[in-house]
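Each chain is listed here by its residues.
Protein chains: 2
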Amino acid sequence: MTRIALDMMGGDLGLSASVAGLCRCFSSGTCSDVGFDLFGNGRLIEGEISRFPEIKSIPCEIHDTGNNVVSGGEKPSKVLKHRGTSMFEAISWVADGRADAVVSSGNTGAYMALSKILIGTIEGIDRPAIVSILPNLSGSTVMLDLGANTDCSSEKLVQFAVMGKAVSKVLQRLDNPRIGLLNIGTERSKGTDILEKAYDFLDKSKNLNFVGFVEGTDITKGTADVIVTDGFSGNISQKTMEGTIKYIVHTLKAGFSSSLLNKIGYLFCKGAFKSLKSAIDPRNHNGAPLVGLKKISIKSHGNSDDVGFAHAVSVAVQLARSNFIKNIEEMIAEIEKEMSCEG
Amino acid sequence: MTRIALDMMGGDLGLSASVAGLCRCFSSGTCSDVGFDLFGNGRLIEGEISRFPEIKSIPCEIHDTGNNVVSGGEKPSKVLKHRGTSMFEAISWVADGRADAVVSSGNTGAYMALSKILIGTIEGIDRPAIVSILPNLSGSTVMLDLGANTDCSSEKLVQFAVMGKAVSKVLQRLDNPRIGLLNIGTERSKGTDILEKAYDFLDKSKNLNFVGFVEGTDITKGTADVIVTDGFSGNISQKTMEGTIKYIVHTLKAGFSSSLLNKIGYLFCKGAFKSLKSAIDPRNHNGAPLVGLKKISIKSHGNSDDVGFAHAVSVAVQLARSNFIKNIEEMIAEIEKEMSCEG
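Which chain is which? The protein sequence lines are A and B, in order. Residues in the first sequence are numbered from 2 upward in steps of one, following the numbering used here. Residues in the second sequence are numbered from 2 upward in steps of one, following the numbering used here.
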């Protein structure tokens, strides 16, 4: 049986969102035959759970960590003093092999640092990458890194390509995803030395379906299934997208409420917004795998509600049920060999 | 009288778009008391102009460069062989002081390189930055660099802040714009060494209204009037925004045409889209100043139609009528002094 450890105290919306999210995930049928280890204030968790009678049929074990939580403002450098918190204990549980994946909506820096220290990284990888699944015109784009590795060598970018391929296999169900390298132009001659070196290697690799340089516009166009970039540009790109979506939604809402005619028109064509709303709703993309660790660790957004938390849990379940980690380990070893032969 | 040199042959849509754009700009009243030097095939320009009787009242001088144009695929490194083309001659005209600003929709790399070589950069600046004016919830954001300087030192970022302030003064009419430095978090401790050093300096400077680090989401939020970043992240951010807008517009259009009810509803609330359409229409933001040159040089988008070209011309006119270059020269000299005192 797959087991998932959940930090129930992590998010801004607290326990109730986590419990409701777990329940939602269970109701959707995506986590049948999964057991959960819940970390947090036992009494409060039980109280919340009692509001969802259906949750009784989920195999849940509650691990009481009282009110010990990692606060939002805490520095990741002080990670080890977080022992006893719901986050620390949930990660340890997975690190010790007692569950297959961990999910938390807590402080990103601390979660990243604790995951790295307690779980450890796959051989050849210094630091995990943050992966996100973004909507595009033909489906979705797996993009990494989104902020963990601000400075990236060519080798790291190649590793990201491999890790992106592994994520794609499980979450996009693609065996041979098209991999693009983010740059400021698609011409072969553009870009920094680091990008050129990564391009050369990716282009030669027999195991990767490399489609060359892609630009910022390609993320939502769907030119590639996996887009690889350093954590600085990736973070800025993802947040620019987030901000642009918010800006458009805000401006549209203001337009619709600006006159009675517009309000009536909106009621008529409300349905037209349905697919857009669902595609751009960040809750439907919540759950960023930290890839490169020896176990599965999923970062859920800090302000996740039940819908968002449920999605993050479903990502954890999908990865935990696959051969995700083994797959990455093998592909990283293979690519390292290829790279060392290249000199 | 302000004089503007126009490369009439540069854009993908050819001469007709440039002539119609010039005419549109003139009709809008933004270029009264401006004279134009038009570079391109004289006979064809005259033919196009004859279709716009009103253009006769604009003081235009045609400089016949025949069919010599810089093609899209040409490498910027071969810039000097472009002598005799409409682009080369238009830039030279400004470089020689015979006009105050130049506008072209031609090949970006060649235009950038020719502007740099023929016009030259202001003392203390190696390479001009590309500036764009992006929409935000409370108005607009001046953002630079958008692709010319992929690797940036702290000093360069500080120069961008100064140049952004000068652009803001003319195009946003702000004397003391809020300046933000793009990063992957707003916390003081985040970011690379280069960013930290730039932060320290900007924070201490008496002449700049520095508001600290801003994130990708802040571009459209309007947290700052001017956002400074390196050309790599800036280019990726701007193109991500462009792609996200296209994605949303495409998905919305598909939604509206998916049923009769949606189509009817759209007709009712069409007006609600008006302000959004206008705000995100790239033609209304066309005309990117290349800042850091000794003269005003404006890059118009390659596929600009008359609306886009007219906007680029109006940007050139506004900058040419102000003390833009002198303003930058003084501010750069001042900040260089401040920086050298800092050690």
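By construction, these hints were calculated from the structure, which means they are not laboratory data. Please note that a few of the clues may not be correct.
No copy labels: a pair is met if it fits in one copy or bridges any two.
To be verified - Taking lysine-lysine and the BS3-like style, the derived pairs with C-alpha atoms no more than 25 Å apart in a straight line are:
hint: 1; residue 1: K338; residue 2: K198
hint: 2; residue 1: K191; residue 2: K76
hint: 3; residue 1: K247; residue 2: K271
hint: 4; residue 1: K82; residue 2: K207
Homomeric proximity label, K247 with K271: Cα distance no greater than 25 Å
Answer is both: 18 Å inside a copy and 20 Å across each meet the 25 Å cutoff.
Within a copy, between copies, both or neither: which one fits K191 and K76 at a CA-CA cutoff of 25 Å?
For K191 and K76, only the inter-copy Cα distance (11 Å) is at most 25 Å; the intra-copy one is 38 Å.
Copy assignment of K82 with K207, given that the CA separation must stay at most 25 Å:
neither (45 Å within a copy, 41 Å between copies)
How would you label the pair K338, K198 (within, between, both, or neither) given a Cα cut-off of 25 Å?
within (16 Å within a copy, 39 Å between copies)
Hint 4 alone, counting from the list given before, is not met by this structure.
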